[in-house]
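Student: For the sequence shown, the numbering used here assigns the number 13 to the initial residue and increments by one for each residue that follows.
Each hint can be trusted.
Derived lysine-lysine pairs resembling DSSO-like cross-links, with alpha carbons at most 30 Å apart: (1) Lys51 x Lys172; (2) Lys358 x Lys375; (3) Lys51 x Lys358.
Think of the hints as simulated: they come from the structure by calculation, not from any bench.
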Amino acid sequence: IKIIYNFTGVMIGMVHALTPLAVMTMLSVMETIDSNLQKAARTLGARGGQAFWRIYFPLSLPGVAAGGLLVFITALGFFITPALLGSGRELMIAQLIIEQVEQLLNWSFAGAIALLLLVTALIVFYFYDRLLGMSTLSGSGGADRSAVKADNPIGRAGQKVGGLFIHLMGWIGDRFGEVWDFIRPVRPDRARTTLSRRVLWISAMSILFFLCAPAFFVVPVSFTSGGFIEWPPVGFSLKWYDNLFESTQWQAAGIRSLVVGIVSALLAMMIGVPAAFVLTRAAIPGRTAVMAALLSPLIIPRILIAVALFYMYAKIGLVGKSIGLVLGHAVLAVPYVVVTVMAVLKNYDYRLDQAAWSLGASKARTLWHITFPLIRAGLLAAFLFAFVTSFDELTIALFVTSGLATTLPKQMWDDALLKVSPTLAAASTCILIFVTSMILLAEFLRRKASRF
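Construct the entire structure; sequences and hints are all you get.
Tutor: Dropping the structure here:
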């Protein structure tokens, strides 16, 4: 079966790249669902399928919908996977924009395409906001979802369609349960078994294998003694790591990515942390509009942000400047800081601040000596998420660096298009280890902070 340079390969690659985004978006909602609800349903006679579709799925729907929205918006601006795995017939709209800007220099046509893409994204987001409410994107808003649905025709229609769908899936689950009971009747002398946990385990392991399999290909290839990327790798050699660490071009790209990542993460923290405090603690007018503005980099395809920054930087002379790259990366990182810090503040005990105030401490001293020390793990997690967002970003670098300040992702992109040597596999292995370590550390700190 041919799965490269065709539509099948592009779809497999995009699903592989976007699955973690969907999982992480849904996870924050699913973690808040009480597992005792399904147990209670089973004690009342509900089968596993009926309990899932009538109880668990409706409660997890905001996370599922938010994951679907973010995956769709991200896929609109995708170009890396189609460019590497597809052919000329699988051209994505982001590739067309890049071609118009970088090769044909037709900025007007590229701007028109970008505007149409923006309108499409905003229409999709409008319907999402009418159905579930924008606050679900940050993992909040669970209490007011019914009000969001009831105050507009789109929400009421979605509620009816969703109810019919859940009823239908529950009915199908009942029929499957009856068939299974017929095949394996319930006996009083034998414990009733369920396949749900076994099926869930098999599905989870299959998804993990699907996500991790490419790493098992890249890592061995980085140690090949051959001169090309091939499978299985030939022999064993560290020469490609020597090439990587001795190359001044790769070193400059790596150092620039680290510096830009740290500075942009600090800038995102300076913007995102105060915004998260205001949105969590203060009752401000236009809260929804402020939230929409802060989360807009999440709901607008990155290719549009890159094109907009390119047009603006071209007029003020920031194309090819590191400061322009830092500002662009900070724009993308701010939503992750806001969402992470808001999640930490939801579990923060405000009575500690009130106790400090009652003892004469000012709000500034309370913030510095009480609040920040207690949520420092969450703040560090937000910083790491912002840093990883910048460190792994390619789209902004393609447009605003003008080839003068190559970052590590940009260097890898150029190498993948022009050379495709095992040095790329060595660089990918190093980045895989580094980014994975940062994400695991950030998640550990986030969970640690949530206990306060």
